[in-house]
Amino acid sequence: MSSSLASTRFSFLDRSRTREGHDAPQALRDTVTLAGTAEALGYHRFWVSEHHSVPGVAGSAPTVLAAAVAAATSTIRVGTGGVMLPNHQPLVVAEQFGVLASLFPGRIDMGLGRSVGFTDGIRRALGRDKEDADAFAGQLAEVLGWLDGTQQTHPQVHALPAEGLRIPPYVLATGRGATIAAGAGLPLVVGDLRGRDKLIRAVEAYRSGFRPSVWGREPYVIVAGTVALAATEEEARRLLVPEAWSMAYARTHGTFPPLAPAERIEALAMTEKERALFEDGLRGHLAGTEDAVAAGVEAVVRETGADEVLVTTSTYDREALVDSMRRLAGIAGIS
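The opening position of the sequence shown corresponds to residue 11 in this note's numbering, with each subsequent residue numbered one higher.
Please keep in mind that the hints were generated in silico from the structure rather than gathered at the bench.
For every residue, glycine included, the Cβ atom is placed at its ideal position computed from N, Cα and C.
A couple of the hints might just be wrong.
Label pairs and their in silico Cβ distance ranges [claimed, not checked]: (1) R293 <-> V332: 38 to 48 angstroms; (2) P115 <-> E308: 27 to 37 angstroms; (3) D202 <-> R328: 20 to 30 angstroms; (4) R204 <-> L278: 19 to 29 angstroms; (5) V102 <-> T242: 29 to 39 angstroms; (6) R39 <-> V102: 25 to 35 angstroms; (7) Q99 <-> A279: 46 to 56 angstroms; (8) E214 <-> G31: 43 to 53 angstroms.
With the hints as extra help, turn the sequences into a complete structure.
Structure follows, in structure tokens:
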């Protein structure tokens with residue numbers, strides 16, 4: 011382990027991606043199993059995500075899934091990366107996290123994002139529109155108000171059992187969202203690693219605008235991105251292939267396919283556009299052997315001053331994924 015990573019926490023985010031030959035329920039069960047692996051390897055926290063009506067992604071109800079993860083583990087912190095606040099009423103969000111924190115005291119993180127459904131149809135089904143993302147700052151303040159008891163729309167309305175509980179909030183954002191996190195005095199989760207200049211600017215703006223609060227006395231930065239490790243550079247690259255193809259296919263066909271085996275994808279006769287998108291999807295991530303990834307993580311931590319690295323790896327081969335997590339734990343000194 012490098013001395014520069016000794017004080018850096020490492021955590022894992024799983025998006026419950028489906029794989030060929032496996033249905034969505036299996037993807038959710040795989041997420042719960044993976045959380046146990048992350049706990050055994052010494053990762054600090056395990057987060058799940060929110061995606062609505064996205065074929066290939068089973069994680070649509072993060073607080074429900076977080077409950078299953080917390081019930082199947084015992085020490086690792088569990089949370090959401092994140093609940094997309096514009097899709098929900100703040101009172102309900104506070105209540106849900108209140109239930110989680112009551113059932114699993116001291117282990118629940120409340121990660122909140124500002125995205126809305128990514129198509130008009132999904133937004134209509136959710137009763138939302140694009141402009142709802144602009145209300146994020148007010149919604150965030152309302153959720154925090156329900157937790158500390160200062161959100162009094164009516165004397166008889168309380169977010170039970172959340173009121174009075176100390177549930178750590180985190181903001182997933184760049185740009186304006188990072189500024190909102192700074193003004194509220196909250197920890198920031200920022201990604202991805204492929205847009206390094208944008209990421210650094212967001213972190214700098216966050217730190218310069220940070221105002222201490224009851225939720226945080228000083229800035230706290232979590233940098234999120236795709237990381238893949240293997241015995242060789244080529245094996246690590248192959249871990250990225252299923253997700254890169256899924257993204258390329260989605261951008262040319264409008265739907266995400268389940269993750270497929272790397273060898274079958276590499277044998278495909280792709281169109282010129284598909285090939286360009288696929289190759290682009292393989293670039294910019296931290297992928298390689300332990301030495302190469304350790305150097306890459308060190309550079310990210312040095313450039314951003316990150317307190318924590320939130321890793322995500324979507325691939326078809328579950329055994330290779332676990333091996334990647336184990337190798338990262340080794341270079342991070344957490345296993």
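Checked hints:
1. Between R293 and V332 the beta carbons are some 25 angstroms apart, a value that contradicts the proposed interval 38 to 48 angstroms.
2. At about 35 angstroms, the beta-carbon gap between P115 and E308 stays in the expected band of 27 to 37 angstroms.
3. Between D202 and R328 the beta carbon distance is about 23 angstroms. The supplied range of 20 to 30 angstroms therefore holds.
4. For R204 and L278, the Cβ-Cβ distance of about 23 angstroms falls inside the hinted range of 19 to 29 angstroms, so the restraint holds.
5. For the pair V102 and T242, the supplied restraint of 29 to 39 angstroms is violated, since their beta-carbon distance comes to about 48 angstroms.
6. Take R39 and V102: their Cβ atoms lie about 26 angstroms apart, and the range 25 to 35 angstroms holds.
7. Taking 46 to 56 angstroms as the suggested C-beta distance range, the pair Q99 and A279 conforms, at roughly 48 angstroms.
8. In this structure the hint that E214 and G31 lie 43 to 53 angstroms apart at CB holds, the actual value being about 45 angstroms.
Of the numbered hints stated above, those contradicted by the structure are hints 1, 5, listed in ascending order.
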